[in-house]
Each structure stands twice: as structure tokens, then as C-alpha cells.
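**Student:** Take these sequences, add in the hints, and give me the full structure.
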Amino acid sequence: DTAVSQTPKYLVTQMGNDKSIKCEQNLGHDTMYWYKQDSKKFLKIMFSYNNKELIINETVPNRFSPKSPDKAHLNLHINSLELGDSAVYFCASSQRSGNTIYFGEGSWLTVV
Amino acid sequence: GENVEQHPSTLSVQEGDSAVIKCTYSDSASNYFPWYKQELGKRPQLIIDIRSNVGEKKDQRIAVTLNKTAKHFSLHITETQPEDSAVYFCAASIGLGDSNYQLIWGAGTKLIIKP
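Residue numbers (my numbering), protein chains in the order written: chain E, 36 to 147; chain Z, 284 to 398.
Simulated from the structure, these hints should not be mistaken for laboratory data. Do not take every clue at face value.
[What the hints assert, rightly or not] Have a look at the derived ranges for each label pair, beta carbon to beta carbon: (1) Z/Ser295 to E/Trp143: 21 to 29 Å; (2) E/Glu88 to Z/Pro365: 41 to 49 Å; (3) Z/Ser311 to E/Arg131: 15 to 23 Å.
The structure displayed is predicted, hence computed values, not measured ones. We put the beta carbon where it would ideally sit given N, CA and C, even for glycine.
**Tutor:** This is the structure:
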């Protein structure tokens with residue numbers, strides 16, 4: 036059973052398009068995250084939700100919009116994709132914020 | 284803002300030798316320090332963690348030590364094996380207020396085990 040699952044795993048799209056990445060966790064956790072990992076491998080927090088409430092909203096272009104319909108789901112929508120958005124996006128969850136984080140397998144986004 | 288510094292950025296050791304990766308943190312209130320291993324093309328996975336009420340924790344060939352006074356913690360891997368080759372990340376928790384916390388991540392260490 037996959038604990039944190041995200042789809043799609045691979046996404047190749049053209050500049051200017053709008054795309055979404057979906058994430059679901061079945062661990063019963065109350066906190067979910069989106070991380071971006073670029074080619075330099077640095078893990079950058081983008082957003083965090085605790086019990087569906089946004090608690091972390093880092094300096095991210097407003098083309099990125101998270102949505103948490105319930106505690107088990109956190110989706111990421113990206114408008115007007117740019118070349119610099121190419122990266123691996125990891126969804127993650129934890130029981131209470133700042134605790135052990137469990138990552139999904141990642142979504143490899145390539146903007147051409 | 285709060286930060287975590289991780290050194291070295293790349294570490295190459297002979298198979299069978301030990302490897303040590305060090306992190307320093309800035310928030311004296313940090314109380315949770317996990318270490319993650321990320322193999323090529325895979326997700327980061329927790330390998331060991333330590334809380335501020337403990338000075339050392341061991342799990343087979345890996346150990347983590349914490350020096351709260353100096354605000355640094357280290358990952359020790361003994362008898363390294365080829366499968367230890369990966370990128371390792373340290374992190375430290377900081378308080379955001381309203382009982383919320385955030386992990387601040389180090390920049391990662393690429394560990395290379397030479398046969």
C-alpha cells in the first residue's frame with residue numbers, strides 16, 4: 036500500500052500551459068506539504084497545510100496554487116508554466132507539522 | 284531567517300571506512316533533527332532522527348550525535364558499503380507559532396563510496 040501517492044509521475048509540457056499534480060496520503064496524517072527539488076538537489080518547501088489550513092506559504096510565484104479539499108489530499112496547480120519550473124515536485128505528509136516527513140515518489144515536471 | 288548548514292557538500296570514502304556528515308543550526312529552540320537518504324531518482328527517506336533530550340542515537344551502522352550547546356549534529360556511518368552511496372539531508376525543526384513547526388533543510392551531502 037502506497038503511503039503518499041502523487042500523480043502524474045512524469046509530465047512533459049509546453050511553456051504557457053497549465054498543469055496539476057495530485058497527491059493523496061493514507062497515513063492519517065494531519066499535515067501535508069509540497070516541496071520542489073531542482074537540478075542542484077536542494078529541497079525547497081513551497082506550501083504546507085495542517086488540517087486543511089495553510090501554515091507555510093514560502094516565496095513562490097502566485098502561478099502556483101495549492102488546494103487541500105480534505106486532510107488526505109493536497110493538489111498543486113501551476114498556471115502559465117515557465118522553463119524554470121522544470122523540477123521534481125515532492126508531496127509529503129507528517130503527523131503534526133515539523134515532525135517526521137514521509138515523501139511521495141515525486142513528479143518529474145519538464146517544461147519545453 | 285533560521286538556517287541549517289551542512290558539510291561537506293560531497294564526501295568520497297573508501298568502502299569499509301567511516302563517513303561523517305555535519306550540520307549546524309541557528310535556532311536554539313529546535314528540538315527535532317532527522318536525517319534523510321535520497322538515492323538517485325528516488326524519494327528522500329528517513330534513516331535516523333534524534334530529539335533534543337538525547338545526545339546520541341544508534342541504529343546498526345548509522346548513528347547521530349547532537350550537541351545542543353554548540354548547536355550542531357552529525358551523522359556517522361561506519362563500515363560503509365556501496366549501497367550507502369546517496370545524497371544525505373539533515374534538517375532541524377523551528378517553531379512557527381500557533382503550535383506549528385517547520386523543518387529547515389540542509390543543502391545535502393553527496394556521499395560516494397569507492398570500491
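**Student:** Hint by hint, where does the structure go against what was stated? Just the numbers, ascending.
**Tutor:** Nothing - there is no hint that the structure violates, so all of them hold.
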